[in-house]
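Trainee: Model the full structure from these sequences, guided by the hints.
Number of protein chains: 6
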Amino acid sequence: MEQLAARAQTLVEALPYIRKFHDAVVVIKYGGAAMVDNQLKAAVLQDIVLLWYVGMRPVLVHGGGPEVSALMKRLGMQPEFVRGLRVTDQGTMEVAEMVLGGKINKDLVDGLNQAGGRAVGLSGKDDRSILARKLETHEGQPIDLGFVGDIVSIRPDLIRLLVDHGYIPVLSSIGVGVDGTSYNINADTLAGRVAAELGAAKFVMLTDVRGILRDPRDEGSLVGRITAAEVGDLIADGTIDGGMIPKVAACLEASQGGVPRVHIIDGRIEHGLLMEIFTDRGIGTLIAKDAAALP
Amino acid sequence: MEQLAARAQTLVEALPYIRKFHDAVVVIKYGGAAMVDNQLKAAVLQDIVLLWYVGMRPVLVHGGGPEVSALMKRLGMQPEFVRGLRVTDQGTMEVAEMVLGGKINKDLVDGLNQAGGRAVGLSGKDDRSILARKLETHEGQPIDLGFVGDIVSIRPDLIRLLVDHGYIPVLSSIGVGVDGTSYNINADTLAGRVAAELGAAKFVMLTDVRGILRDPRDEGSLVGRITAAEVGDLIADGTIDGGMIPKVAACLEASQGGVPRVHIIDGRIEHGLLMEIFTDRGIGTLIAKDAAALP
Amino acid sequence: MEQLAARAQTLVEALPYIRKFHDAVVVIKYGGAAMVDNQLKAAVLQDIVLLWYVGMRPVLVHGGGPEVSALMKRLGMQPEFVRGLRVTDQGTMEVAEMVLGGKINKDLVDGLNQAGGRAVGLSGKDDRSILARKLETHEGQPIDLGFVGDIVSIRPDLIRLLVDHGYIPVLSSIGVGVDGTSYNINADTLAGRVAAELGAAKFVMLTDVRGILRDPRDEGSLVGRITAAEVGDLIADGTIDGGMIPKVAACLEASQGGVPRVHIIDGRIEHGLLMEIFTDRGIGTLIAKDAAALP
Amino acid sequence: MEQLAARAQTLVEALPYIRKFHDAVVVIKYGGAAMVDNQLKAAVLQDIVLLWYVGMRPVLVHGGGPEVSALMKRLGMQPEFVRGLRVTDQGTMEVAEMVLGGKINKDLVDGLNQAGGRAVGLSGKDDRSILARKLETHEGQPIDLGFVGDIVSIRPDLIRLLVDHGYIPVLSSIGVGVDGTSYNINADTLAGRVAAELGAAKFVMLTDVRGILRDPRDEGSLVGRITAAEVGDLIADGTIDGGMIPKVAACLEASQGGVPRVHIIDGRIEHGLLMEIFTDRGIGTLIAKDAAALP
Amino acid sequence: MEQLAARAQTLVEALPYIRKFHDAVVVIKYGGAAMVDNQLKAAVLQDIVLLWYVGMRPVLVHGGGPEVSALMKRLGMQPEFVRGLRVTDQGTMEVAEMVLGGKINKDLVDGLNQAGGRAVGLSGKDDRSILARKLETHEGQPIDLGFVGDIVSIRPDLIRLLVDHGYIPVLSSIGVGVDGTSYNINADTLAGRVAAELGAAKFVMLTDVRGILRDPRDEGSLVGRITAAEVGDLIADGTIDGGMIPKVAACLEASQGGVPRVHIIDGRIEHGLLMEIFTDRGIGTLIAKDAAALP
Amino acid sequence: MEQLAARAQTLVEALPYIRKFHDAVVVIKYGGAAMVDNQLKAAVLQDIVLLWYVGMRPVLVHGGGPEVSALMKRLGMQPEFVRGLRVTDQGTMEVAEMVLGGKINKDLVDGLNQAGGRAVGLSGKDDRSILARKLETHEGQPIDLGFVGDIVSIRPDLIRLLVDHGYIPVLSSIGVGVDGTSYNINADTLAGRVAAELGAAKFVMLTDVRGILRDPRDEGSLVGRITAAEVGDLIADGTIDGGMIPKVAACLEASQGGVPRVHIIDGRIEHGLLMEIFTDRGIGTLIAKDAAALP
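Protein chains in written order, with numbering that gives the first Met the number 0: chain Y, 0 to 294; chain U, 0 to 294; chain B, 0 to 294; chain R, 0 to 294; chain A, 0 to 294; chain V, 0 to 294.
Hints are computed from structural coordinates only; laboratory data are not their basis.
Among the hints, a few may not be true.
[What the hints assert, rightly or not] With a straight-line Cα cutoff of 25 Å, these simulated SDA-like cross-link-like pairs (lysine to any residue) come out:
#1 K19(V) <-> L14(A)
#2 K133(V) <-> R117(Y)
#3 K19(B) <-> S152(A)
#4 K19(A) <-> A5(V)
#5 K40(A) <-> Y16(V)
#6 K19(V) <-> T9(A)
#7 K40(Y) <-> L14(U)
#8 K133(R) <-> Q113(A)
#9 K72(B) <-> D88(U)
#10 K19(B) <-> K40(R)
#11 K40(A) <-> K19(V)
#12 K72(B) <-> S68(U)
#13 K288(B) <-> I153(B)
#14 K72(A) <-> R73(R)
#15 K40(A) <-> A5(V)
#16 K288(A) <-> D240(A)
#17 K19(Y) <-> I153(B)
#18 K72(V) <-> E66(Y)
#19 K40(U) <-> A69(U)
#20 K40(V) <-> G90(Y)
#21 K40(U) <-> T9(Y)
#22 K133(Y) <-> G115(V)
#23 K133(B) <-> Q113(U)
#24 K19(B) <-> H21(R)
#25 K19(B) <-> I153(A)
#26 K40(B) <-> E12(R)
#27 K19(Y) <-> H21(U)
#28 K40(V) <-> L3(A)
Mentor: The structure is reproduced here in structure tokens:
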């Protein structure tokens with residue numbers, strides 16, 4: 000009985016958050032440990048279905064590099080990376096499409112459906128939702144990585160149709176050129192762009208770190224709330240570096256595209272998504288446009 | 000952090016219930032201690048707004064006998080009862096309308112709005128939602144109690160319009176005759192009829208007892224789940240008697256009118272409504288049509 | 000037969016007015032003798048239902064001072080007024096809410112329904128339609144009258160929903176603060192504001208005088224048509240004074256809020272509302288923005 | 000002032016009729032003197048627009064024999080009739096289409112628009128609304144009248160679309176065969192069929208007589224109300240004969256087709272349409288299915 | 000089999016044109032030989048129904064001078080023209096309305112319906128779609144031609160309603176004054192104005208010439224594509240003259256009114272309409288706003 | 000010019016077929032040579048987009064056995080078949096999902112989009128559209144093939160949503176169990192079931208044979224039209240045997256499920272789909288319920 004009361008109390012405390020984000024589109028970049036560990040995966044998908052039931056409108060975006068590499072190796076192909084980007088020849092692209100569109104995407108769809116949701120998987124080829132072209136430069140320098148693509152534009156019609164009819168779209172990071180060529184798109188970047196295009200109320204980046212750290216070796220230095228400008232400073236002074244840069248850049252793009260709240264959270268923490276959304280303190284880093292927009 | 004995790008876990012455990020009653024109309028008979036004690040009142044109204052936010056469609060029905068008697072006494076009138084029913088002359092009826100429609104109803108509406116809901120108060124006169132006539136018999140015998148009324152029919156148009164547009168209707172137990180006469184209607188009976196008319200998924204009767212007890216003097220004898228037929232037996236053998244009979248009869252009417260789950264719960268337990276709806280065990284008595292329909 | 004022909008002729012002559020105000024929202028401030036005398040009341044409500052049947056969209060706003068005072072006296076309370084405004088302590092406010100929301104409002108709703116309409120009663124608490132705060136100044140001077148309120152804003156959603164679905168909303172002059180406090184609002188002012196907020200085509204103020212008189216002691220000095228500016232002059236030179244000032248001020252507020260035609264008519268004349276709306280000459284005073292807008 | 004009051008009173012007395020026939024489809028067979036005399040025509044069209052403004056949904060059906068004959072004579076053609084039906088060769092049919100569809104129909108449309116309505120003219124060729132075939136028998140005997148047609152079926156889609164979007168359809172009595180052949184259709188019959196097909200609440204036959212007379216030479220013998228069965232008796236015993244028979248037959252067809260109230264009224268009486276619809280007594284003959292259906 | 004393959008190939012080649020003009024409104028000025036010769040007429044109407052089936056939204060506008068003159072002569076009236084415009088007294092106007100509205104319009108409607116379409120005939124009197132006034136000047140000089148009218152404005156509501164509900168509107172060139180006077184309107188001018196008002200994607204002028212010719216005596220000098228400015232030059236230098244000027248002027252008006260593609264084609268070529276729309280080369284003259292807009 | 004005329008003529012001749020199947024759902028089982036040969040594939044996809052543009056609503060269903068086997072071999076796995084069905088262990092199922100959902104499905108989607116359509120790829124996991132269970136018997140005998148599935152039910156919501164919003168759904172033959180297990184479904188069977196479930200007007204089975212042959216070795220013995228009962232006879236007497244049996248069985252299931260026209264056509268004939276649909280004679284075999292339903 001007391002336990003029941005405690006549970007009821009928790010629900011009551013969630014009310015203000017439920018109220019605030021009712022009908023709001025929440026774009027979630029799904030990746031990292033939360034995609035590999037089955038228990039974590041189940042927890043994240045359950046969390047997303049919960050958001051959906053209490054009235055939010057989640058949209059998932061995923062990549063899947065490690066599984067692409069794994070299949071390549073089974074096929075005797077050698078994964079190769081240049082400056083953190085996968086060299087993508089025709090064969091690699093084909094493997095990537097099969098793994099992302101036929102395996103990971105459908106696994107996520109099924110997981111959401113198992114948890115009680117109604118999910119639909121998409122790639123950027125469906126309704127040509129993600130128009131792309133060959134990536135020509137990277138970090139200011141010319142580059143040729145084969146079928147690695149740059150996003151030209153997002154056509155949100157199909158995603159909106161599904162969201163408006165109560166479905167949870169799950170989008171894999173495959174783009175398509177005007178001539179039908181497939182492109183391998185960075186999933187972080189794509190997720191940020193999709194969030195901006197849909198006018199999302201929230202963008203959540205699931206990672207394998209606690210959030211932005213003032214001292215990368217000390218998890219205790221986690222930055223709970225920060226403005227976009229301050230994030231820029233931390234990149235400039237090298238506090239944020241390495242693999243975090245593209246993730247943070249995608250967050251900034253969403254923020255500049257008008258997404259009021261951008262969250263970086265640790266996908267390794269079970270139900271971290273709920274903790275971040277249903278409490279003021281959260282468990283990761285919240286990025287807002289400016290100080291006035293922070294809670 | 001651990002506390003956050005526990006809260007997240009609670010939300011996750013609520014998911015199956017949220018899922019099950021999504022979009023479902025839940026009619027709540029509001030009364031007793033939960034209407035008098037301000038803290039209990041706030042808790043109940045918060046619970047209702049929570050149900051509303053997670054996708055259910057609550058409709059409140061209330062009476063308000065004690066407050067009617069209180070105003071009568073202030074006006075030098077003497078409340079009088081015959082076989083548990085209020086003798087209602089013209090003056091009493093006028094007082095009842097003012098107290099129910101102008102005070103209690105608007106207090107509940109305001110409490111729901113304070114808690115973040117969008118509530119609208121109604122009496123049976125609005126759009127002639129509750130058509131009534133003079134009560135002629137009671138418990139099988141002729142009776143003349145003045146403006147005490149019998150429900151002729153419920154016109155659900157206005158309530159449905161409000162529910163469909165996302166409002167929480169709050170209905171006071173006033174009926175109207177074809178000639179415009181006001182009638183004092185039993186709120187329990189009304190609530191059961193409204194639940195049946197709206198095709199509600201649940202009918203919840205808030206009372207000042209724990210539920211149906213096998214031994215009225217022992218709260219430990221609470222019946223957790225029971226079929227409508229068994230309830231009839233308990234009335235027949237006298238286990239259920241006195242003031243519980245009209246409440247239980249209203250529950251049976253809702254059950255026979257097609258409401259699959261009817262709950263009697265104790266309004267004195269804070270957040271009891273949530274505990275009943277978001278757990279399998281519940282805290283009161285659940286009445287279902289037959290054994291197959293029990294969870 | 001000749002009589003039938005004359006009746007047909009009357010209907011034909013009403014055609015241009017029906018045509019002109021088809022689908023137009025008409026806000027009517029209902030009060031004075033027309034609310035006390037039962038025959039007059041029946042006639043006004045019948046007129047309103049007629050307007051509704053021929054395609055207009057009436058919205059009623061009412062107060063009810065005399066009945067509030069009457070109940071207060073029955074309860075041994077002493078009505079008190081300062082500069083024409085009711086001193087409203089907690090007990091008075093409670094009485095006002097009961098009388099306005101539980102008695103007068105529901106009586107009007109029922110009268111309209113009896114006449115064949117479909118009316119719904121509202122107070123400013125329903126959906127927080129009328130947000131108010133404590134009145135701090137009156138006629139330029141600080142004042143403290145307890146729960147007498149100033150309108151902060153009108154939220155028209157619920158009124159519009161009802162109008163759009165063919166109902167006649169009947170609104171009592173109760174406002175609500177952000178913290179849920181009830182406020183006693185001046186019904187004339189409220190009616191003018193509601194007319195402006197809804198973009199009404201007409202605002203009709205039912206009073207106990209013939210309209211604006213050039214000589215207050217001579218009903219023959221009735222002003223048939225007048226511009227808002229000229230009304231201002233008549234206030235400035237003292238022609239309009241006393242109890243007429245708040246009524247006329249409410250009319251000017253509606254006019255400045257964009258209501259093209261504002262009428263002051265005598266509620267003591269049976270079917271005066273029809274005469275004003277269905278003839279060019281009318282029976283009271285028509286206020287328009289400027290000379291060009293007069294018929 | 001008194002006059003204004005009398006006018007208001009008339010409007011109030013019309014209220015029950017307005018209420019009763021709100022949204023009701025009223026099919027009017029327009030013809031006879033009311034189509035020739037310009038003042039009568041203006042009065043009828045004004046009446047129809049009034050019905051439309053107070054919420055009814057009028058549909059006009061017209062023929063136009065005299066004007067067809069007039070143009071034929073100007074063209075040197077000789078109108079010829081067999082048993083009351085026009086012998087219709089190719090040339091006659093062409094003249095009939097031009098006069099009915101190009102002249103009379105558009106004159107009526109324009110008259111309704113002048114009176115403030117929004118009318119649209121149709122012939123049975125538009126959307127193939129009236130499918131017809133050659134008339135093979137008449138009064139039980141074989142007949143060959145050229146392009147005189149029998150109604151096969153009414154396709155009501157276009158008429159309904161116009162009615163539902165607030166237009167007044169005006170339909171001329173031209174039918175079309177499956178092969179595109181034009182047919183001259185009896186307008187009385189057509190009007191009765193259209194009334195039945197549309198599920199009209201009323202069918203009004205405008206004629207040049209007072210209604211059904213017990214003694215055809217005595218207007219004082221007018222039958223105010225009668226059942227369909229009694230009408231059959233009056234035909235059988237010869238009381239109704241000659242030119243009245245097809246008109247009355249069309250009325251019976253509407254009645255049997257489910258139109259609850261069928262009126263025969265004298266189009267020569269100015270505003271007779273209003274008198275019939277807005278009073279209980281009426282001015283012509285009201286035919287109902289049976290005695291129970293008479294007012 | 001080979002023949003089947005060739006037919007399939009043709010359908011495939013039509014695909015890009017079908018795709019391009021899907022849902023596009025196409026206004027067609029119908030006239031000349033294509034309206035007189037029955038085989039040509041059937042072919043044009045079939046083409047229009049085909050356009051309709053593959054997703055375009057055709058609207059026809061027609062005049063009918065020769066048939067008006069023919070009936071006038073049969074009636075002993077003498078057609079008279081001043082500077083190419085018909086002198087239109089009351090009698091002439093009446094004949095024009097009957098011929099255009101009752102004969103030609105309904106013939107076209109029926110032809111389209113025979114070919115499988117769903118057509119509805121309209122004149123400018125229906126819903127007062129074409130408001131007109133007396134033509135006062137022509138080619139810069141005062142003129143008095145009786146009931147020849149100038150277009151004041153097009154009210155597109157009714158045409159749009161029909162188009163949006165899948166009908167093919169067929170509009171005759173009759174206008175109406177604010178006082179109900181009928182006016183004879185130039186059908187070419189009307190068609191151009193209607194195309195602009197509806198925001199048509201195409202305006203097609205069916206004529207009895209091949210298109211714009213550089214040398215009027217040499218059909219080989221046909222101009223396939225031309226800008227609006229160049230058309231102006233050809234008028235200025237006299238290459239375009241005589242009867243072509245009003246037709247070309249109507250085309251320019253459509254072009255300046257925002258219609259991106261205006262076609263002049265020869266109605267004497269069977270299925271010329273299809274050839275023009277379903278091939279890049281076309282068979283007549285295509286006028287576009289400027290060089291950039293030419294295909 | 001003559002060539003243009005011939006092309007126009009072809010379009011005109013297609014009109015009756017376009018008219019007949021306007022808005023009709025056409026389910027196409029895509030497979031065989033038409034899926035392997037790039038030129039044939041482009042032609043089929045172009046044909047489908049053409050059907051879509053002229054108003055039909057195509058839905059594609061595909062399998063992809065050969066490509067599954069090819070990837071298995073590259074991975075060192077040995078494809079194995081029992082009585083024509085693929086033995087599907089966990090690894091095989093994973094390969095099948097990747098190839099069907101990630102490669103073939105997206106290729107078809109992209110091909111349709113390249114041809115101007117708006118296609119969306121789906122697997123049976125999306126919205127749990129295809130509920131399946133382990134196949135337990137085959138041809139009347141118990142069988143255990145691992146993850147080869149039997150269709151339990153089709154949930155058509157998502158497919159209908161897409162069709163109703165103008166998309167072309169492309170469905171791969173993957174089913175899902177209630178526990179989320181993936182199943183390999185026979186694509187022919189699935190296509191027939193989907194056609195029945197959607198109430199398709201046509202079901203087209205693309206194969207590598209000319210149709211049903213009376214003599215399997217003689218293409219000249221092609222049966223152009225046949226009833227479902229006669230097909231049963233041909234199976235019984237062994238005329239239809241081997242690999243044709245499951246294909247023909249799927250056709251019969253669609254026919255018995257209410258699909259009025261079922262076509263077996265040769266996917267190796269370029270534009271065969273158009274030839275079959277846009278001509279009476281067709282190029283393959285048309286199966287109808289009974290003789291009366293044959294054209």
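Trainee: None of the hints should be skipped; say for each whether it holds.
Mentor: Hints and how they fare:
no.	hint	result
1	K19(V) <-> L14(A)	holds, 19 Å
2	K133(V) <-> R117(Y)	holds, 23 Å
3	K19(B) <-> S152(A)	holds, 22 Å
4	K19(A) <-> A5(V)	holds, 22 Å
5	K40(A) <-> Y16(V)	holds, 22 Å
6	K19(V) <-> T9(A)	holds, 20 Å
7	K40(Y) <-> L14(U)	holds, 17 Å
8	K133(R) <-> Q113(A)	holds, 18 Å
9	K72(B) <-> D88(U)	holds, 21 Å
10	K19(B) <-> K40(R)	holds, 23 Å
11	K40(A) <-> K19(V)	holds, 23 Å
12	K72(B) <-> S68(U)	holds, 19 Å
13	K288(B) <-> I153(B)	holds, 23 Å
14	K72(A) <-> R73(R)	holds, 11 Å
15	K40(A) <-> A5(V)	holds, 18 Å
16	K288(A) <-> D240(A)	holds, 21 Å
17	K19(Y) <-> I153(B)	holds, 22 Å
18	K72(V) <-> E66(Y)	holds, 19 Å
19	K40(U) <-> A69(U)	holds, 19 Å
20	K40(V) <-> G90(Y)	holds, 21 Å
21	K40(U) <-> T9(Y)	holds, 18 Å
22	K133(Y) <-> G115(V)	holds, 22 Å
23	K133(B) <-> Q113(U)	holds, 18 Å
24	K19(B) <-> H21(R)	holds, 19 Å
25	K19(B) <-> I153(A)	holds, 23 Å
26	K40(B) <-> E12(R)	holds, 17 Å
27	K19(Y) <-> H21(U)	holds, 19 Å
28	K40(V) <-> L3(A)	holds, 19 Å
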